[in-house]
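Chemist: Residue numbers for the sequence shown follow the numbering used here, beginning at 2 and rising by one.
These aren't lab readings, by the way, just hints derived from the structure by calculation. Some hints could be false.
Result set (EDC-like, lysine to aspartate or glutamate): computed pairs, CA atoms no more than 20 Å apart in a straight line [said to hold, decoys possible]:
no., residue 1, residue 2
1, Lys166, Glu148
2, Lys64, Glu123
3, Lys77, Asp50
4, Lys48, Asp105
5, Lys151, Glu112
6, Lys48, Asp79
7, Lys22, Glu142
8, Lys103, Glu91
9, Lys22, Glu135
10, Lys48, Glu123
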Amino acid sequence: CWEDQAGFPHLFRSLFRKMAKPRLVVFDLDYTLWPFWVDTHVDPPFKADSKGRIVDSSGRNIKLYSDVMEVLRTLKRDNIQIAAASRTSEVTGANQLLDLFKMDAYFCQKEIYPGSKVTHFERIRQGTGFQYSEMIFFDDEHRNIVEVGKLGVHCVHVANGMTLKLLTDALEKYAGSQN
2 CWEDQAGFPH LFRSLFRKMA KPRLVVFDLD YTLWPFWVDT HVDPPFKADS
52 KGRIVDSSGR NIKLYSDVME VLRTLKRDNI QIAAASRTSE VTGANQLLDL
102 FKMDAYFCQK EIYPGSKVTH FERIRQGTGF QYSEMIFFDD EHRNIVEVGK
152 LGVHCVHVAN GMTLKLLTDA LEKYAGSQN
């Protein structure tokens, strides 16, 4: 088979390196990177248990969607910056999970607080210097897709958690829009 360790065909890898790429990919957190609302479905604070699993205060096992870490590694490997934009009211818990899952190192900026995603993106643009048209945003809520899309950000609705296929499709669509 013509696949590398990540399961991508070698031909795709060489084509991807030549494609126009976004400068920044932004992720919502709840129901995009993990399968719950951090402010209502789980019980902060979070910790690693004796077996290294991440658990909430009631001992419930906390997991990411299965492709999330590979998605982040892929973006980092391809020199695409990553940010988070979440309107959760559980700011401490969300940041704690990013730390416990060792995801902090992937994010160049985090905007995690209640309010409009437009405010999140204004601050991300100011902080990174990237134009909205140089960004892709993944979110599970249609209202956020519509609101942020009006800024000129390339938006992708995440129906069932973030996957490598969703990332690949979005990067290909972005590249096609740049020609």
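Chemist: Mind checking the alpha carbons of Lys103 and Glu91 for me, to see if they're no more than 20 Å apart?
Modeler: The given pair, whose Cα atoms are some 19 Å apart, holds under the 20 Å limit.
Chemist: Are the Cα positions of Lys166 and Glu148 separated by 20 Å at most?
Modeler: violated, 24 Å
Chemist: Straight-line Cα separation of Lys48 and Glu123 no greater than 20 Å?
Modeler: Given pair Lys48, Glu123 is violated - Cα atoms ~32 Å apart, limit 20 Å.
Chemist: Does the structure keep Lys22 and Glu135 at a Cα separation of 20 Å or less?
Modeler: holds, 8 Å
Chemist: Does the alpha-carbon distance linking Lys64 and Glu123 stay inside the 20 Å limit?
Modeler: violated, 30 Å
Chemist: Between Lys77 and Asp50, is the straight-line Cα distance small enough, at 20 Å or below?
Modeler: Distance of about 28 Å is beyond 20 Å: violated.
Chemist: Given the hinted pair Lys22 and Glu142, is their alpha-carbon gap at most 20 Å?
Modeler: violated, 24 Å
Chemist: With a cut-off of 20 Å on the C-alpha distance, tell me whether Lys48 and Asp105 pass.
Modeler: holds, 15 Å
Chemist: Would you check the hint for Lys151 and Glu112, treating anything up to 20 Å between C-alpha atoms as holding?
Modeler: The hint holds at about 19 Å.
Chemist: For the pair supplied as a hint, Lys48 and Asp79, is the alpha-carbon distance within the 20 Å limit?
Modeler: At roughly 31 Å apart (the allowed maximum being 20 Å), Asp79 and Lys48 break the hint.
Checked against the numbered hints above, the structure breaks hints 1, 2, 3, 6, 7 and 10 and satisfies the rest.
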